[in-house]
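**Q** Per this note's numbering, the sequence shown starts with residue 8, numbered consecutively.
Calculated directly from the structure, the hints in this document are not laboratory data.
Take these hints with a grain of salt, some might be off.
Simulated pairs of lysine-lysine, DSBU-like, Cα-Cα distance not exceeding 30 Å [to be verified]:
hint: 1; residue 1: 283; residue 2: 269
hint: 2; residue 1: 78; residue 2: 257
hint: 3; residue 1: 269; residue 2: 9
The calculated label-pair distances, taken between Cβ atoms and stated as ranges, are [claimed, not checked]:
hint: 4; residue 1: 71; residue 2: 186; range: 47 to 57 Å
hint: 5; residue 1: 163; residue 2: 85; range: 32 to 42 Å
hint: 6; residue 1: 232; residue 2: 72; range: 50 to 60 Å
hint: 7; residue 1: 125; residue 2: 228; range: 19 to 29 Å
hint: 8; residue 1: 303; residue 2: 58; range: 24 to 34 Å
hint: 9; residue 1: 76; residue 2: 96; range: 25 to 35 Å
hint: 10; residue 1: 303; residue 2: 188; range: 20 to 30 Å
hint: 11; residue 1: 309; residue 2: 93; range: 20 to 30 Å
hint: 12; residue 1: 301; residue 2: 26; range: 49 to 59 Å
hint: 13; residue 1: 301; residue 2: 257; range: 43 to 53 Å
hint: 14; residue 1: 228; residue 2: 72; range: 44 to 54 Å
hint: 15; residue 1: 10; residue 2: 72; range: 31 to 41 Å
hint: 16; residue 1: 20; residue 2: 41; range: 23 to 33 Å
Every residue, glycine too, gets a C-beta built ideally from N, C-alpha and C.
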Amino acid sequence: MKERYVIKNFRDTTLAIIDSVNDIITDYQAQGYLLTLRQLYYQFIARDWFPEDRRWSWTGSRWAKDPNGTKNAQPNYDWLGGIINEGRMAGLIDWEVIEDRGRERKRNSHWDNPKGVIESARSSYGIDMWSNQPERVEVWIEKEALVGVIEPVCRKLDVPFFACRGYVSQSEMWRAGVEFRKPLPKYFGTATGPHIIILHLGDHDPSGIDMTRDNYDRLRMFSGDNVTVERIALNMDQIRKYNPPPSPAKTTDSRGTDYIAKFGIDSWELDALEPKVLTSLIEQNVAKHRDDTLYMEQEVQLERDLMQLDSIIYHLNKDEEDESD
8 MKERYVIKNF
18 RDTTLAIIDS
28 VNDIITDYQA
38 QGYLLTLRQL
48 YYQFIARDWF
58 PEDRRWSWTG
68 SRWAKDPNGT
78 KNAQPNYDWL
88 GGIINEGRMA
98 GLIDWEVIED
108 RGRERKRNSH
118 WDNPKGVIES
128 ARSSYGIDMW
138 SNQPERVEVW
148 IEKEALVGVI
158 EPVCRKLDVP
168 FFACRGYVSQ
178 SEMWRAGVEF
188 RKPLPKYFGT
198 ATGPHIIILH
208 LGDHDPSGID
218 MTRDNYDRLR
228 MFSGDNVTVE
238 RIALNMDQIR
248 KYNPPPSPAK
258 TTDSRGTDYI
268 AKFGIDSWEL
278 DALEPKVLTS
288 LIEQNVAKHR
298 DDTLYMEQEV
308 QLERDLMQLD
318 SIIYHLNKDE
328 EDESD
């Protein structure tokens with residue numbers, strides 16, 4: 008929805024940037040995604056849409072204009088954010104398509120009548136589609152800003168997902184480890200639960216690479232040997248394939264020396280990959296660990312349960328009709 012709150016005359020060059028923003032928004036909407044400002048920014052970098060006079064170099068203390076520098080720089084991110092804000096206020100950019108994930112207002116659910124509760128329960132009802140599987144999969148992602156990208160596919164596949172927000176806190180890692188070693192006696196007559204597969208997605212930078220190792224080490228400490236951590240993004244083969252824009256590796260990071268020796272001075276952010284690429288990576292890697300025959304058994308059970316709920320709703324509707332007569 009576009010709403011105008013201010014009247015503003017834009018220069019032609021700024022209007023061209025706003026048109027480009029709307030082109031990206033239209034593209035993402037067609038794929039069923041909302042955007043964060045950082046994702047918009049990386050699309051501008053990937054498509055080389057920043058003006059040539061907006062090249063920068065880092066001096067060690069600040070960004071400075073440099074005709075031979077990079078366009079992937081904080082001043083350009085801030086500049087684009089300012090234009091988007093002005094474009095929204097002027098009614099030129101849709102307010103609803105750019106998210107600030109993690110800062111949503113929360114509220115209780117409400118219904119008009121008891122029947123509405125049951126209808127709502129029917130639409131959200133689900134069973135554990137993995138309860139009979141020898142392996143269980145979770146998706147862990149470094150950044151909360153990308154939860155909106157991975158949530159739809161994770162919910163569709165019925166796999167838990169978790170925004171690590173960098174290195175996972177010790178408390179949350181311990182809780183995960185304790186949960187992972189719980190038995191499932193209905194299907195497994197063993198002292199431990201099924202084997203846990205963590206699919207990890209993170210930046211390709213000194214810390215982002217190390218987070219995969221850290222997740223593995225601490226989960227094995229708290230849960231034992233029934234956990235495997237697989238890094239599915241961002242990896243060097245994907246960087247070569249999709250060519251996301253690089254950023255300088257953080258030399259202040261204590262892991263920077265080893266990283267630069269192995270990968271060079273560039274690093275890459277997960278946000279720079281198209282959402283459809285992240286979705287496809289998750290789908291492919293989840294499928295590797297799923298027994299489809301067992302999964303179909305759960306689908307049959309789910310359909311039976313939904314039919315029972317449909318029957319309850321039908322009788323409630325019939326009772327209402329009888330009362331109105």
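**Q** Mind listing which of the numbered hints don't hold for this structure, in increasing order?
**A** 3, 7, 8 and 11
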